[in-house]
Amino acid sequence: MVTLTIDDKQVQVEKDATIYEAAKAAGINIPILCHDKKLKPFGACRMCLVEVEQMKGRLIPACTTPVTEGMIVRSSTPPVEKARKLVLELLLLNHPLDCPVCDKGGDCDLQNLAYDHKVNVNRLNDEKFHHVIDYNNPLIERDQNRCVLCGKCVRICDEIVSRGALTFISRGIETKIGTEFDGPLSCEFCGSCISVCPVGALLARPFKFKSRFWALQKKTSVCGYCGTGCSVTLGVKDNKVLTTVYDENQGFHNGQLCVRGRFGYQFISSDKRLKSPLIRKNGQLVEAGWDEALELVANRLKGAGASAAALATPRMTNEELVLLKQLMTQQVGSANIDHSAGYAHAALTEGLAKSFGVAAAPSSILDIQKSDLLLVIKSDAYETHPVVGFEINLAVKNKGVDLQILSDKRGKLGKLPKANTLLHKPGSEVALLNAIAKVLIDENLAGAAASVTGYAELAAGLAAFAPEQVAAQCGVSADAIKQLARTYAAAEKALIVFPVGLAYPAHTAQLAHAAANLAILAGKLGKEGSGLLVLQEKNNSQGAVDVGFVPGNGGMTAQQILDGCLSGSIKTLLVAGENPVVSYPGQSKVKDALQKVDFLVVADLFLTETAQQADVVLPVCSYAEKEGTYTATDRRVQKVTPAIPAVGQSRTEFTVYGDLIRALGGQAPTTPADAFAQIPAYAGIEYAALADDGAFAPVAVKPALVLPVAAATQVEAGKIALLTGAALYHCGTMSHYGEGTVAACPEGYLELSYADAARLQIADGVEVTVASNEGSITLQARISLRMPEGVAFAPYHFAINQVWSGAVVTSVTVSK
Amino acid sequence: MSEAVAVNQETEMEEPVFDPALAEMVIEKYKDIPGNLMPVLQGIQDEYGYVPKAAVGLVAERLNVYPSQIYGVLTFYAQFHLKPRGKYIIRVCMGTACHVLGAERIRETFFERLGIGHAETSQDRRFTFELVACLGACGMAPLAMVNDETYGKMTVQKVDEIIKEYSSLPL
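Note that the protein sequences, when read in sequence, are chains A and B. The first sequence maps to residues -3 to 812 in my numbering. The second sequence maps to residues 15 to 185 in my numbering.
Keep in mind that the hints were calculated from the coordinates and are not lab data. Everything numeric in this text was worked out from a predicted model, so none of it was measured. Glycine residues also receive a C-beta, built at the ideal position from the N, C-alpha and C atoms. Treat each hint with caution, since some may be false.
[Stated by the list, open to error] Each computed DSS-like pair below joins lysine-lysine, with the alpha-carbon atoms no more than 25 angstroms apart:
| id | chain 1 | residue 1 | chain 2 | residue 2 |
| --- | --- | --- | --- | --- |
| 1 | B | Lys67 | A | Lys172 |
| 2 | A | Lys411 | B | Lys45 |
| 3 | A | Lys414 | B | Lys45 |
[Claimed, not checked] Non-contacting residues of chain B with respect to chain A, defined by C-beta distances greater than 10 angstroms in every case (computed):
| id | residue |
| --- | --- |
| 4 | Glu75 |
| 5 | Thr123 |
| 6 | His132 |
So that you can see chain A by itself, here it is in the shape it has in the complex (with noise of 0.2 angstroms):
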């Protein structure tokens, strides 16, 4: 610790702080424009500086200066002042003063600055700048006429996005921020600079001219996307969500957020939201009453027993969660309850179940940068949660972790530096895992271990996983596996990483029991920043899972209600939040079950694909409405509180499945709280006490050693290995109605190697055609660099599941 003082105030702070920092500490304001906390100080603007009485002569920038014993500081002295208030007048001297006009207004620093620092005159005289603003994309407005160069949009860009789109052009008065030979913003449009610019140059599109900022009410909240639960702002005015609005000390992400977080919110105030129940009459849905509606529905429900099942997204709160599991299972009596495809969630109920006698992973985001080693399985980690992406960016970036990757395709975490990335053929992972943890067996790098429960079985069982019998298999050579194999043994502290979703069917139960085998061999769990953390695909995939909304005693999984609506056996569906027919695989098979099934009940935001089949549709609120928790893929476990009243005559689906188990006998929790203290797994934690940031529910390990089955695929003869998987502008199918993301990724599209596309003679962009044993679709090719030659890969958000019926590698034909 070092101590000095600031304005004869005696502050003590670690020694590697800076005047700015100190100051801070000791609550004297210093202005800055330049700085960030996020970022690596800079020193750009000169609104920092002080004085320093050992360093008498000069002014000294507070960002960039490093405190030392005994320094002096004086924060606001005359020729400090003076100095500021010139800067301000150099700035203001070409910056146009369309304040009115201008939706930074009211949250400007410039504008506070000079306001603070009365500079209502300027002794300087020029022109103003006259720079063409950049209107080339729907999301982000670049007017470099009020740019200040203070450059956070370049260094977040850098830093912490790793997408480096922006870039200082030029030298001296001519410099400008600009992209490369100063074209149209081409990037992933998270809207990190926007987040970050101090004035008005770079600004939100969509809600430009909405408001006022200063009209705007601010309402925290947690993001509705994926399961990174990051801690969003929502900007209301007039009871509708009009943006999202930056608060850098909210999270663990200190307010960084993704294209979905922040421009994907347009769905909560969309004109798109039903309005009404509807029921179907005469083939046609109409418009109806909440009583009809839910007397319709009881009255299906009512003894329907095992021929009813349901189906539930996992954007529902906790509570809702265990209101309609309490429906069905008790009053309803059936046992047919299951979400996300069913498969999409076995890693965690069956495969981490057994590997670690608990359905979560014991690992957490923030383990992330604590960590000295990351083995991250699918570069989409990147693409299924951007933020958690951005901690990956900043692990390796700035803390110098060690990034190795298992992909079947290359992806942006693995142009970081020193990341190393092991390409494998589709469909080989599990394989490639196993031999791994041969050669910690082997090479006595798991010695550890040899108690476990399932060790002697295991080490048994991996005798066909030699590296050098796989290599071929996993199209990854024996030395790379063994490499792999030492270096993760020999960090002490390592975290393995994979996503689950309904695109990632290659991530099952044996995958997750092969990387949970890893993490018990080499003795990497229960350390702080070491074991293993999974990626779920929805913002409250872990509570489905906690809530135990999964099949009970002899139910239905997902697929067999599906087969079952098929066959007649289940007569009643009740569909909450999911959209089958385009998230789920084979839609033709959904499709033919959705319209077999006597009665199907929708409960969604939107009159979806899947709910255009219904013969009741009830309109449900988003998480912007309705009070409860979400608990994040970490097992982070937030409040969120309504910001706005129900849209329409929407209804939460608290209320909703509570009015059915009161109408069908039975009773309801009344309160969200009373819901939830009914989840067994969130026993240590109070609902009344859940703060902004939530509260982690333990994850208690049992360790467990499983031999993984290794399924072997093949690609047909002459076809190319279609592979699905996130797009980083979606998550599942909602973002589909959230403008922003629409804009910045309208359709889908399939990315192609260069190879194949020189034999195909395919030509980036052109339309292409798809076509599987299942069925074809038409996208548009995107020839890229990530793909190796005779792999392809599909966003599945678009329907891809017209071509694809849930096997891990689909060999398909690509035509023009």
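For this one, chain A is given, so just place chain B on it according to the hints.
Relative to chain A, chain B alone:
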């Protein structure tokens, strides 16, 4: 006016077809050296006479540097050129001594004869014309240079002679 002169600076000049082999060679040479971006870009400019757009993409991919960052470096340093340059670079000094002795007339005459202004290249890519602040030989003012050749005590007549001389050389 010399007949060999092409007068057209309005239309965007078409870039020659990019042959990545030369750039690959340069990249290969500096691949594993830290801080290699500058020497790679300089090497590429030496090979092509300028830094072609396609080369930026290639360097970005091979060195794992953002294309935007490369563009930032290219626009920061005056030494880099993003458009094809002429075979003969004519530089006219606009420093104080040259200015006093009529550099403006020399500049005007070159412009009249060649039809290209500062930092522009003739359509046939024979000449690139540049104004520079000082060439450091004030005793020879007004001064011009063509590539490494110096021409002191410039006159309007000498401008014509220079253009004639270089126009007759093979491209």
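Hints versus structure:
1. B/Lys67 <-> A/Lys172: Distance of about 20 angstroms is within 25 angstroms: holds.
2. A/Lys411 <-> B/Lys45: Holds, because 16 angstroms separates the two Cα atoms, which is no more than 25 angstroms.
3. A/Lys414 <-> B/Lys45: holds (15 angstroms)
4. Glu75: violated (7 angstroms)
5. Thr123: holds (29 angstroms)
6. His132: holds (15 angstroms)
Violated hint for the displayed structure: number 4, the only one.
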